[in-house]
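2 protein chains.
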Amino acid sequence: MKSSRECIEYIRPVRDVLDIINGKWKLPILISLSFGNKRFKELEKEVEGITPKMLSKELRDLEMNQLIIRSVYDTVPVSVEYSLSEYGKSLDSVIDALREWGKKHRNKLFAKL
Amino acid sequence: MKSSRECIEYIRPVRDVLDIINGKWKLPILISLSFGNKRFKELEKEVEGITPKMLSKELRDLEMNQLIIRSVYDTVPVSVEYSLSEYGKSLDSVIDALREWGKKHRNKLFAKL
DNA sequence: TATACCAGTATACTAAAGTATACCGGTATA
DNA sequence: TATACCGGTATACTTTAGTATACTGGTATA
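Residue numbers (my numbering), protein chains in the order written: chain A, 245 to 357; chain B, 245 to 357.
Keep in mind that a hint or two might mislead.
Identical copies look the same in the list; a pair holds intra-copy or inter-copy alike.
Claimed, not checked - Calculated lysine to aspartate or glutamate pairs in the EDC-like style (CA-CA distance at most 16 Å, straight line):
(1) Lys348 - Glu330
(2) Lys347 - Asp263
(3) Lys352 - Glu330
(4) Lys289 - Glu250
(5) Lys289 - Glu253
(6) Lys289 - Asp263
(7) Lys348 - Glu253
(8) Lys297 - Glu286
(9) Lys352 - Asp260
(10) Lys333 - Glu307
(11) Lys348 - Asp336
(12) Lys333 - Glu253
(13) Lys268 - Glu288
(14) Lys301 - Glu344
(15) Lys347 - Asp260
(16) Lys289 - Glu325
(17) Lys301 - Glu288
Treat the hints as calculated values from the structure; they're not laboratory data. Predicted, not measured: the structure shown is a model, and the values here were computed from it.
I would like the entire structure built from these sequences, with the hints used as guidance.
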């Protein structure tokens with residue numbers, strides 16, 4: 245049994261990550277972008293159920309935290325492309341861990357039926 | 245570049261996990277319990293900033309999803325102890341990944357100052 | 001000519017998360 | 001006798017997350 249202080253120290257970095265990727269949509273968006281750069285409407289289709297308002301807001305948050313890059317191309321009309329930054333790509337270990345656990349969890353749920 | 249369908253399949257298990265551990269408090273609570281069984285008031289201190297109302301609600305959610313166990317001991321007055329279930333313990337890989345990334349993120353933030 | 005695509009914004013709303021503060025009855029401690 | 005601990009609950013509130021629906025102006029397509 246370790247000290248309470250040690251435990252609090254341990255929690256801190258996790259809280260920092262949660263501040264950035266918390267919520268229903270941010271990780272799904274990042275995963276979608278890990279499959280390739282996407283335009284707004286493509287994301288809207290691939291992140292099932294998200295509304296344009298939420299997508300717009302979440303993309304802004306992710307860009308602010310430098311996890312994704314928004315590129316505007318000078319076409320007519322302008323086209324906008326979203327991509328993962330290198331920093332965003334470094335979240336893949338987190339996503340892998342979540343995904344592995346999620347798959348186990350699904351199996352557990354189905355096994356019960 | 246993979247298919248959109250493949251991407252959506254990839255997202256699904258992650259959304260399942262998020263349904264269970266989403267929010268500001270659940271992971272901190274689980275981490276605290278990973279350091280040893282705790283009583284209600286102990287958790288209230290160790291998960292800094294949480295109010296008893298939120299703690300109570302989150303503990304109920306976590307218990308419902310079988311990630312933690314609530315044991316009531318027949319003392320006078322009764323004492324209540326919370327512990328991680330085996331299933332809850334299996335989240336350690338997720339927590340490790342989050343923690344590692346969080347530590348890197350902190351370093352990045354401090355490096356900027 | 002009508003329709004659809006693009007990258008969102010506008011408005012209005014509901015639901016959930018989270019905060020603040022006070023309180024309970026019973027027990028143990030000072 | 002006063003205070004603090006225990007495991008919470010009660011009430012009231014604010015903030016954030018999320019939903020629903022409609023719309024924009026310019027372009028390309030049928």
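Results for each hint:
1. Lys348 - Glu330: Answer is between; shortest inter-copy Cα gap is 13 Å, intra-copy 29 Å.
2. Lys347 - Asp263: between (25 Å within a copy, 13 Å between copies)
3. Lys352 - Glu330: between (34 Å within a copy, 13 Å between copies)
4. Lys289 - Glu250: Close across copies (13 Å), not inside one copy (44 Å); limit 16 Å.
5. Lys289 - Glu253: For Lys289 and Glu253, the Cα distance is within 16 Å only across copies (13 Å; inside one copy 40 Å).
6. Lys289 - Asp263: neither (26 Å within a copy, 20 Å between copies)
7. Lys348 - Glu253: Between copies, since 15 Å is at most 16 Å while 29 Å is not.
8. Lys297 - Glu286: Within. Shortest intra-copy distance 15 Å satisfies the 16 Å Cα cut-off; inter-copy 41 Å does not.
9. Lys352 - Asp260: between (30 Å within a copy, 12 Å between copies)
10. Lys333 - Glu307: Within one copy, since 13 Å is at most 16 Å while 33 Å is not.
11. Lys348 - Asp336: between (18 Å within a copy, 14 Å between copies)
12. Lys333 - Glu253: Neither: 26 Å inside a chain and 19 Å across chains, both beyond 16 Å.
13. Lys268 - Glu288: Classified as within; 14 Å inside a copy, 26 Å across copies.
14. Lys301 - Glu344: neither (28 Å within a copy, 27 Å between copies)
15. Lys347 - Asp260: between (25 Å within a copy, 9 Å between copies)
16. Lys289 - Glu325: within (15 Å within a copy, 45 Å between copies)
17. Lys301 - Glu288: For Lys301 and Glu288, the Cα distance is within 16 Å only inside one copy (12 Å; across copies 33 Å).
Checked against the numbered hints given earlier, this structure breaks hints 6, 12 and 14; the rest are met.
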